[in-house]
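Colleague: Just so you know, the sequences run in chain order A and B.
Those letters in the first sequence? Residues 1 to 491, per the working numbering, in order.
Those letters in the second sequence? Residues 1 to 491, per the working numbering, in order.
It is worth saying that the hints were derived from the structure and are not from the lab.
Keep in mind that this is a model prediction, so the values were computed, not measured.
There could be a bad hint or two in this list.
To be verified - In silico DSSO-like links for lysine-lysine, alpha-carbon gap of 30 Å or less:
id	chain 1	residue 1	chain 2	residue 2
1	A	Lys98	B	Lys355
2	B	Lys259	A	Lys47
3	A	Lys296	B	Lys296
4	B	Lys21	A	Lys133
5	B	Lys57	A	Lys344
6	B	Lys348	B	Lys370
7	A	Lys355	A	Lys21
8	A	Lys316	B	Lys409
9	A	Lys250	B	Lys22
10	A	Lys451	B	Lys98
11	A	Lys47	B	Lys54
12	A	Lys355	B	Lys133
13	A	Lys453	A	Lys479
14	A	Lys255	B	Lys348
15	A	Lys409	A	Lys47
16	B	Lys250	A	Lys22
17	B	Lys250	A	Lys296
18	A	Lys54	B	Lys331
19	B	Lys355	B	Lys366
20	B	Lys262	A	Lys344
21	B	Lys21	A	Lys54
22	A	Lys87	B	Lys103
23	B	Lys262	A	Lys21
24	B	Lys259	A	Lys344
25	A	Lys22	A	Lys383
26	B	Lys323	A	Lys54
27	B	Lys98	A	Lys133
28	A	Lys255	B	Lys344
29	B	Lys188	A	Lys336
30	B	Lys336	B	Lys316
31	A	Lys57	A	Lys259
32	A	Lys255	B	Lys21
33	A	Lys113	A	Lys103
34	B	Lys408	B	Lys370
35	A	Lys331	B	Lys296
36	A	Lys331	B	Lys323
37	B	Lys54	B	Lys103
38	B	Lys54	A	Lys323
39	A	Lys133	B	Lys355
40	A	Lys259	B	Lys348
Spelled out, the chains give:
Number of protein chains: 2
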Amino acid sequence: MSKAIPSRSEDYSLWYNELVKKAGLAENSAVRGSMVIKPYGFAIWEKMQQTLDKMFKESGHENAYFPLFIPKSFFSKEADHVEGFAKECAVVTHYRLKNDEEKGGVTVDPDAKLEEELIVRPTSETVIWDSYKNWIQSYRDLPLLINQWANVVRWEMRTRLFLRTAEFLWQEGHTAHATKEEAEAETKQMLEVYADFAEKFMAVPVTKGVKTENERFAGALETYCIEAMMQDGKALQAGTSHFLGQNFAKAFDVKYATKEGKDEYVWGTSWGVSTRLMGALIMAHSDDDGLVLPPKLAPIQVVIVPIYRKDEELEKISEVANKFKSELQAKGISVKFDDRDTQKPGWKFAEYELKGVPVRIAIGPKDLEKGTVEIARRDTKEKQFVEQDKTVDFIEQLLDEIQENIYKKAADFKEENTRTADSYEEFKELLESKGGFIYAHWDGTSETEEKIKAETKATIRCIPLNSNEEEGTCIYSGKPSKGRVLFAKAY
Amino acid sequence: MSKAIPSRSEDYSLWYNELVKKAGLAENSAVRGSMVIKPYGFAIWEKMQQTLDKMFKESGHENAYFPLFIPKSFFSKEADHVEGFAKECAVVTHYRLKNDEEKGGVTVDPDAKLEEELIVRPTSETVIWDSYKNWIQSYRDLPLLINQWANVVRWEMRTRLFLRTAEFLWQEGHTAHATKEEAEAETKQMLEVYADFAEKFMAVPVTKGVKTENERFAGALETYCIEAMMQDGKALQAGTSHFLGQNFAKAFDVKYATKEGKDEYVWGTSWGVSTRLMGALIMAHSDDDGLVLPPKLAPIQVVIVPIYRKDEELEKISEVANKFKSELQAKGISVKFDDRDTQKPGWKFAEYELKGVPVRIAIGPKDLEKGTVEIARRDTKEKQFVEQDKTVDFIEQLLDEIQENIYKKAADFKEENTRTADSYEEFKELLESKGGFIYAHWDGTSETEEKIKAETKATIRCIPLNSNEEEGTCIYSGKPSKGRVLFAKAY
Numbered sequence: 001m002s003k004a005i006p007s008r009s010e011d012y013s014l015w016y017n018e019l020v021k022k023a024g025l026a027e028n029s030a031v032r033g034s035m036v037i038k039p040y041g042f043a044i045w046e047k048m049q050q051t052l053d054k055m056f057k058e059s060g061h062e063n064a065y066f067p068l069f070i071p072k073s074f075f076s077k078e079a080d081h082v083e084g085f086a087k088e089c090a091v092v093t094h095y096r097l098k099n100d101e102e103k104g105g106v107t108v109d110p111d112a113k114l115e116e117e118l119i120v121r122p123t124s125e126t127v128i129w130d131s132y133k134n135w136i137q138s139y140r141d142l143p144l145l146i147n148q149w150a151n152v153v154r155w156e157m158r159t160r161l162f163l164r165t166a167e168f169l170w171q172e173g174h175t176a177h178a179t180k181e182e183a184e185a186e187t188k189q190m191l192e193v194y195a196d197f198a199e200k201f202m203a204v205p206v207t208k209g210v211k212t213e214n215e216r217f218a219g220a221l222e223t224y225c226i227e228a229m230m231q232d233g234k235a236l237q238a239g240t241s242h243f244l245g246q247n248f249a250k251a252f253d254v255k256y257a258t259k260e261g262k263d264e265y266v267w268g269t270s271w272g273v274s275t276r277l278m279g280a281l282i283m284a285h286s287d288d289d290g291l292v293l294p295p296k297l298a299p300i301q302v303v304i305v306p307i308y309r310k311d312e313e314l315e316k317i318s319e320v321a322n323k324f325k326s327e328l329q330a331k332g333i334s335v336k337f338d339d340r341d342t343q344k345p346g347w348k349f350a351e352y353e354l355k356g357v358p359v360r361i362a363i364g365p366k367d368l369e370k371g372t373v374e375i376a377r378r379d380t381k382e383k384q385f386v387e388q389d390k391t392v393d394f395i396e397q398l399l400d401e402i403q404e405n406i407y408k409k410a411a412d413f414k415e416e417n418t419r420t421a422d423s424y425e426e427f428k429e430l431l432e433s434k435g436g437f438i439y440a441h442w443d444g445t446s447e448t449e450e451k452i453k454a455e456t457k458a459t460i461r462c463i464p465l466n467s468n469e470e471e472g473t474c475i476y477s478g479k480p481s482k483g484r485v486l487f488a489k490a491y
Numbered sequence: 001m002s003k004a005i006p007s008r009s010e011d012y013s014l015w016y017n018e019l020v021k022k023a024g025l026a027e028n029s030a031v032r033g034s035m036v037i038k039p040y041g042f043a044i045w046e047k048m049q050q051t052l053d054k055m056f057k058e059s060g061h062e063n064a065y066f067p068l069f070i071p072k073s074f075f076s077k078e079a080d081h082v083e084g085f086a087k088e089c090a091v092v093t094h095y096r097l098k099n100d101e102e103k104g105g106v107t108v109d110p111d112a113k114l115e116e117e118l119i120v121r122p123t124s125e126t127v128i129w130d131s132y133k134n135w136i137q138s139y140r141d142l143p144l145l146i147n148q149w150a151n152v153v154r155w156e157m158r159t160r161l162f163l164r165t166a167e168f169l170w171q172e173g174h175t176a177h178a179t180k181e182e183a184e185a186e187t188k189q190m191l192e193v194y195a196d197f198a199e200k201f202m203a204v205p206v207t208k209g210v211k212t213e214n215e216r217f218a219g220a221l222e223t224y225c226i227e228a229m230m231q232d233g234k235a236l237q238a239g240t241s242h243f244l245g246q247n248f249a250k251a252f253d254v255k256y257a258t259k260e261g262k263d264e265y266v267w268g269t270s271w272g273v274s275t276r277l278m279g280a281l282i283m284a285h286s287d288d289d290g291l292v293l294p295p296k297l298a299p300i301q302v303v304i305v306p307i308y309r310k311d312e313e314l315e316k317i318s319e320v321a322n323k324f325k326s327e328l329q330a331k332g333i334s335v336k337f338d339d340r341d342t343q344k345p346g347w348k349f350a351e352y353e354l355k356g357v358p359v360r361i362a363i364g365p366k367d368l369e370k371g372t373v374e375i376a377r378r379d380t381k382e383k384q385f386v387e388q389d390k391t392v393d394f395i396e397q398l399l400d401e402i403q404e405n406i407y408k409k410a411a412d413f414k415e416e417n418t419r420t421a422d423s424y425e426e427f428k429e430l431l432e433s434k435g436g437f438i439y440a441h442w443d444g445t446s447e448t449e450e451k452i453k454a455e456t457k458a459t460i461r462c463i464p465l466n467s468n469e470e471e472g473t474c475i476y477s478g479k480p481s482k483g484r485v486l487f488a489k490a491y
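Just chain A, with the same shape it has in the complex (with noise of 0.2 Å):
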């Protein structure tokens, strides 16, 4: 087992493609450019979900379901979203099939054409903002905090397991708001639950900052992003939160009556994350043996594993994993005791290490004598024997100090590979040489975002926030520049 996956030297695309693969967490299907995902990784996927949601909850929003299928006209209505939209997507023409008398199998009934096509959403922005203008009619139906968990589909002709795929899950908030300044607050305190979800449960360190025109969402007035660093040293957008101004009020003609009995339109941000951050979490921490997990996100978060030959052996050390294992359970930790009989220890080691269990315990005759377990950490492969009875408290804060360790790991490869260039001849030997986050000067225009992408690869992945201000010159074109942009390649 422990060749199971290619080292991330020898091919960093491939040890990624294989590993998602051999860990169990999902893999292609037949249908073009859709996964599957399997039972381990969609056990990881819920528990984001369960912590989103959560924090999505605990600031005052709450779940709906709104169609899967949008019709054609819908996207017409917002033109900037049409553009960015509406092109690269599955198109709904007919309700039925018929057989085939030719061939044999089913076919196409062309009786049953659709008299207006409908889209599988690639984002539900026009059918919500239609919903809305039903439910909003004072400010006393303001603000609406509205969050959706869904699939969603947008025509990618390049997929990659999770990072890039046709279909893939996602949540989507679309909220509603009596002024512009309560939008704008949100979209930030959007931004934030989700800079805080990576860094405390993903444990991967992000940076925060706002899109420039190029890659703002289509049909935002501006676009808030956290961006992470795999390592391999390419950014990877986490999240975003766009704030839409009127744009979507005025395109579905939704108003509201104020106070003072005014019509105004309101206003609107939409924010998502997506089955991506399973890319971003496995990129970020994971090593040639397989996946580390954060104990956070880990559906087991300790594993036992019993080392014995006879079955009385077995029998004894089953008491003691069992008592652990009830213990720790109280504690609200997972556990599981892998107790079957058809795998032998070491390829159970090796395989809990491709699965990435924070802990793992191992215990054997001789721990039975000295009354001792083994206890191997993942993250740091490191080993050592404990007493049996400071096992649990031991496992307690050992989980603590994993999330820790892999999040001061993330935050210090970031750090290690983040970079200023002042000339451009220097950013593009540190683009080659070292890749990641290489911040310098640019002069604000798409112009030249445009040619230094043509002409690196790299991108500006956010305006940052909380940036120093500092006047300089921007390194394409020596026009002035009032602060440093975030430019990498990417995801």
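Model the placement of chain B on the given structure of chain A, informed by the hints.
Modeller: Then chain B, alone, in the frame of chain A:
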């Protein structure tokens, strides 16, 4: 608010539709046959989901996620399945739109036609068994116990909120087993899980049984079901569990190596419940004033309404209310303190009756003087004064009592409206004059079943499990029968 909805006796069907909309559960969307599940409706569905998900996991199942789209050719692999499902479904034929130069807006790009059309899943047996082919090699891989929460689409021509919609939410379990016996046991186990859920959480008594061949799931050897009775005496199929035999294993060539090294086809089951359960929940208990929710599925179990004229009164009431709120929450009871000053108490009373909140606490200045509160229960509309220091315990007990009472009321109603008929005349007379469930003898043929349906609109809901064996003669054909089956008109 009290006349918000028509009465059941006036127009049962209109009562249901208006109740669903006015209570904020769901509404029709701009997309034909697709509903929007509004936040309050979705909160109830979430409670159902969480409860069921826990029950599935406790019985050893894991969640996963399979693609929304299914290649057309997959359906042709199982002959009955394609007959039952592939015909009325949404078909994706293209993957791109383009600007419409003539009419403006966007139009389907004829150059982006798919080589093979994709069907939006009406159910996922085919795409899942196509994956199982790769997941199952040996007996060690079995049983495979997987569930998925998903949206599905069936192109229904006549739709009704929750009961029959083109798109709906559901869960679908798909399991694979080494032996016939194990698969049959799984099928029955999941029927029991559904029946438990219906009776203990939804407070809806159900009849368990087996479907006739006519009503069997397309591709199953046997379909088990639970049937509930609505307040108009009609039946509603609330959940089904299918024994698939080796049909899908053969269609998708899924074999496993036995311990002895022989290759054999695996045995399958599938089982599902959907947002249709929302319809059952609403129609089973609610009255002319609105929803009646069983406490175990109510998003808000207790609402506190302050009754006051002056701000200082509200202040004192709020102190008491917030104390109750935190004490009740500490016991895991969900509480809302509605201190909005934009609505009067009478309006709030009607609103929470409409929304089916099981318990209402009203607190006014006189209550503060006397150290009491007024407690009203939604199911019986009874009110009483309770001493403040006994309120928390009283409510905890009251919620259990309401849960039981709602179930008992529904069970009594079901019993009262379940009858036997010994001749076709009697059958027709009972069906027209009283409706409800009718047990009658049937000769076991599809021909008789179809004739009775055509003549009376009643269908065989199921051949009940655990019914007494009783020889008799078919009410229609006079041929011999081995036991009574359950007839009813149904949703």
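Colleague: All the hints need checking, so say for each whether the structure fits it.
Modeller: Results for each hint:
1. Lys98/A / Lys355/B: violated, 44 Å
2. Lys259/B / Lys47/A: Roughly 36 Å separates the two Cα atoms, so the pair is violated.
3. Lys296/A / Lys296/B: holds, 29 Å
4. Lys21/B / Lys133/A: Distance of about 16 Å is within 30 Å: holds.
5. Lys57/B / Lys344/A: Roughly 27 Å separates the two Cα atoms, so the pair holds.
6. Lys348/B / Lys370/B: This hinted pair holds, its Cα atoms lying about 23 Å apart.
7. Lys355/A / Lys21/A: Holds - the C-alpha atoms of lysine 21/A and lysine 355/A are around 11 Å apart, at most 30 Å.
8. Lys316/A / Lys409/B: The hint is violated at about 53 Å.
9. Lys250/A / Lys22/B: holds, 27 Å
10. Lys451/A / Lys98/B: holds, 27 Å
11. Lys47/A / Lys54/B: Within the cut-off at roughly 14 Å; holds.
12. Lys355/A / Lys133/B: holds, 23 Å
13. Lys453/A / Lys479/A: Distance ~18 Å between lysine 453/A and lysine 479/A Cα, so the pair holds.
14. Lys255/A / Lys348/B: This hinted pair holds, its Cα atoms lying about 26 Å apart.
15. Lys409/A / Lys47/A: holds, 22 Å
16. Lys250/B / Lys22/A: holds, 27 Å
17. Lys250/B / Lys296/A: violated, 42 Å
18. Lys54/A / Lys331/B: Judged against 30 Å, a Cα distance of about 19 Å means the pair holds.
19. Lys355/B / Lys366/B: With a Cα-Cα distance of about 27 Å, the restraint between lysine 355/B and lysine 366/B holds, given a limit of 30 Å.
20. Lys262/B / Lys344/A: Between lysine 262/B and lysine 344/A the Cα gap is close to 24 Å, so the pair holds against 30 Å.
21. Lys21/B / Lys54/A: Status holds; Cα separation ~27 Å.
22. Lys87/A / Lys103/B: holds, 17 Å
23. Lys262/B / Lys21/A: Status holds; Cα separation ~28 Å.
24. Lys259/B / Lys344/A: Holds. Lysine 259/B to lysine 344/A sits at ~18 Å (cutoff 30 Å).
25. Lys22/A / Lys383/A: holds, 25 Å
26. Lys323/B / Lys54/A: holds, 24 Å
27. Lys98/B / Lys133/A: holds, 27 Å
28. Lys255/A / Lys344/B: holds, 26 Å
29. Lys188/B / Lys336/A: holds, 28 Å
30. Lys336/B / Lys316/B: Cα-Cα ~17 Å, so holds.
31. Lys57/A / Lys259/A: Holds - the C-alpha atoms of lysine 259/A and lysine 57/A are around 27 Å apart, at most 30 Å.
32. Lys255/A / Lys21/B: holds, 22 Å
33. Lys113/A / Lys103/A: Holds - the C-alpha atoms of lysine 103/A and lysine 113/A are around 21 Å apart, at most 30 Å.
34. Lys408/B / Lys370/B: violated, 35 Å
35. Lys331/A / Lys296/B: Holds, at roughly 26 Å.
36. Lys331/A / Lys323/B: Satisfied, since the Cα-Cα distance of roughly 29 Å is no more than 30 Å.
37. Lys54/B / Lys103/B: violated, 52 Å
38. Lys54/B / Lys323/A: holds, 24 Å
39. Lys133/A / Lys355/B: holds, 23 Å
40. Lys259/A / Lys348/B: Within the cut-off at roughly 21 Å; holds.
Of the numbered hints given earlier, the model fails hints 1, 2, 8, 17, 34, 37; all others are met.
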